[in-house]
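As a plain string of letters, each chain reads:
Number of protein chains: 2
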Amino acid sequence: MMGGDFGPEVTVKGLNHALDQLDNVHANLFGNENEIHKVLKKYPSLEKKLTIFHTENYVPMDAKPADAIRRIGKDSSMWMSIASCANNESDVVLSAGNTGALMALSKLILKTVDGIERPAITALWPNPKGNSVVLDLGANIDVSPNQLIQFGIMGYAYAICVLKKENPKIAILNIGHEEIKGSNNLQEANDKLNNIFNDNFIGFVEGDDLSKGTADVIITDGFTGNVALKTAEGIAKLIAFYLTDSLKSSLTGKLGMFIAQNSLKSLKDKIDPRGNNGGFFLGLNGLVVKSHGGTDFLGFSNAIQFSVNLARSDVSKKISDLIEENI
Amino acid sequence: MMGGDFGPEVTVKGLNHALDQLDNVHANLFGNENEIHKVLKKYPSLEKKLTIFHTENYVPMDAKPADAIRRIGKDSSMWMSIASCANNESDVVLSAGNTGALMALSKLILKTVDGIERPAITALWPNPKGNSVVLDLGANIDVSPNQLIQFGIMGYAYAICVLKKENPKIAILNIGHEEIKGSNNLQEANDKLNNIFNDNFIGFVEGDDLSKGTADVIITDGFTGNVALKTAEGIAKLIAFYLTDSLKSSLTGKLGMFIAQNSLKSLKDKIDPRGNNGGFFLGLNGLVVKSHGGTDFLGFSNAIQFSVNLARSDVSKKISDLIEENI
Chain F
54 MMGGDFGPEV TVKGLNHALD QLDNVHANLF GNENEIHKVL KKYPSLEKKL
104 TIFHTENYVP MDAKPADAIR RIGKDSSMWM SIASCANNES DVVLSAGNTG
154 ALMALSKLIL KTVDGIERPA ITALWPNPKG NSVVLDLGAN IDVSPNQLIQ
204 FGIMGYAYAI CVLKKENPKI AILNIGHEEI KGSNNLQEAN DKLNNIFNDN
254 FIGFVEGDDL SKGTADVIIT DGFTGNVALK TAEGIAKLIA FYLTDSLKSS
304 LTGKLGMFIA QNSLKSLKDK IDPRGNNGGF FLGLNGLVVK SHGGTDFLGF
354 SNAIQFSVNL ARSDVSKKIS DLIEENI
Chain D
54 MMGGDFGPEV TVKGLNHALD QLDNVHANLF GNENEIHKVL KKYPSLEKKL
104 TIFHTENYVP MDAKPADAIR RIGKDSSMWM SIASCANNES DVVLSAGNTG
154 ALMALSKLIL KTVDGIERPA ITALWPNPKG NSVVLDLGAN IDVSPNQLIQ
204 FGIMGYAYAI CVLKKENPKI AILNIGHEEI KGSNNLQEAN DKLNNIFNDN
254 FIGFVEGDDL SKGTADVIIT DGFTGNVALK TAEGIAKLIA FYLTDSLKSS
304 LTGKLGMFIA QNSLKSLKDK IDPRGNNGGF FLGLNGLVVK SHGGTDFLGF
354 SNAIQFSVNL ARSDVSKKIS DLIEENI
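Chains F and D supply the protein sequences, listed in that same order.
Residue numbering for the first sequence follows our numbering, starting at 54 and increasing by one per position.
Residue numbering for the second sequence follows our numbering, starting at 54 and increasing by one per position.
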């Protein structure tokens, strides 16, 4: 509850908004009871849907991951929330806090699924037809061919179990479609994924394929994925700036903008990062979702609904099954 | 003249458009004289500004780089044009042809500048304040710290000599701003560039900084740079799709689009890839510019004007001077 740029102000309001729309969800809240109650008293009907686990300790947004493990201690709200997932007291953990610390604590407390070397930060990437799953987005700078295969398996399980795609196609992000492109690691992963997934593996795709829906699952190392994601965010902001700038620079532009305001609002909603809020960690013995720190209550509410959807899927079992069959 | 998706149809028309606006430029055209003449006869005033070097041999758009060197031979229009630059008969080479072949032949024929291990594909990246220089965009999958330093020097020279920036700032693309982020290679390059450029080196930037103008020169390995560039192109297309889709989905949207059509046209021009058409190769003993293969005559004309501007700068001398002073 203490994470993000605004703490309980946003997390409690977002929780109220989400639980208004969800049945049979109980929330375990970790954080400072006094601060949570200050916001909670605005939403009296919420009280019976939640349990508060009080702690005054929390992981600051700028803390180093190692400090979250060694210095800040087991009574931080982040640690306690992940531990509750490890103890099967919670089905999914959601945090708007420090991403590096969340990943480090998740790995330490939940451990990875047997057969998965390291978890991957995963997110949905929009295209004209819907969304693709992209991983890794920053947890693993260097990856081996085997890790890329594990990413493929995790993304495939997610596409089937959560996105409900019947026949998902997997691809590797590269700098060309040809088989000879890219590093030896990519080529080895290409061969192995081809053997495992046959027609469900379509080989190499390029950066622009991320937004085209060429594949349902696109796998990459965390360095490339992170740069691609942030590049996309930067370009979206630049184009929004150009659009406003172009429209405001003339009277007809301003008039057109006024008349088309509903359409432009719908565009804004579509490229609004709150719609696909944040990422999730795949490959752990437990589900962990990371909301953007700077999000408002609507974005946090979306992240809660996303988390519930994830917890109600059988993605974890599917990953284990696929690992057993193929690795 | 034979390169790109349309050959002389576009290259000759683009040449006519560019030379209408440029003084004291003479064009050496390499390609099939008959095909060039077919288009050229529409522009009789152009004849005196050019020399045609006839050859029937050319590098197909899908040829492998190795074939451009070994199989296709020295009488391809691409080989001949680069050789004319090596012989000081041309000051800059422009091609809309096969990028891999152009890079391979350029390296073979022109060789790299002393102190530069490998050339880099370089391009301009737009931001609200103007453009940044980004390199490498695909020539070098793996780069050493020393190569990154060479990229820094080349980009800095370009920013000063061509973009006329007085005090360009250099940055390394990474997945975080903190000094501890990224691979050992990036950290070593970070330290060395800091020693060479002092206040002109601002350290690590992230993907969204590409579009913010945080730095004038952003350096990266060719794999990451290529993915970032293509991701940006993909997102720009996706947003254009969303914009049209949103506006066309309602009557007020359509009306607003009609009224604001000039503003929307100016937006389209701003995100039009023909404005910053293609890339250029830095680090060779000669200047080589690559136009997009799919461009039309306006894009090719922009690429010609860009090439002339490059040839009239002293970027090559500046690179050599900086190498001598710092390496």
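These are calculated hints, taken from the structure and not from any lab test.
Do not rely on the hints blindly, as some may be mistaken.
Treat identical chains as interchangeable: a pair holds within one or across any two.
Below, simulated DSBU-like cross-link-like pairs (lysine-lysine); rule was C-alpha separation at most 30 Å, straight line [claimed, not checked]:
1. Lys218 <-> Lys182
2. Lys91 <-> Lys307
3. Lys307 <-> Lys290
4. Lys217 <-> Lys371
The hints, checked one at a time:
In this assembly of identical chains, the alpha carbons of Lys218 and Lys182 lie at most 30 Å apart only when taken from the same copy (12 Å versus 43 Å across copies). Proximity of Lys91 to Lys307 under the C-alpha cut-off of 30 Å is found in neither arrangement, the shortest distances being 43 Å within a copy and 47 Å between copies. Taking the closest pair of Cα atoms, Lys307 and Lys290 come within 30 Å of each other both inside a single copy (20 Å) and across two copies (24 Å). Taking the shortest Cα distances, Lys217 and Lys371 sit within 30 Å of each other inside one copy (13 Å), while across copies they are farther apart (57 Å).
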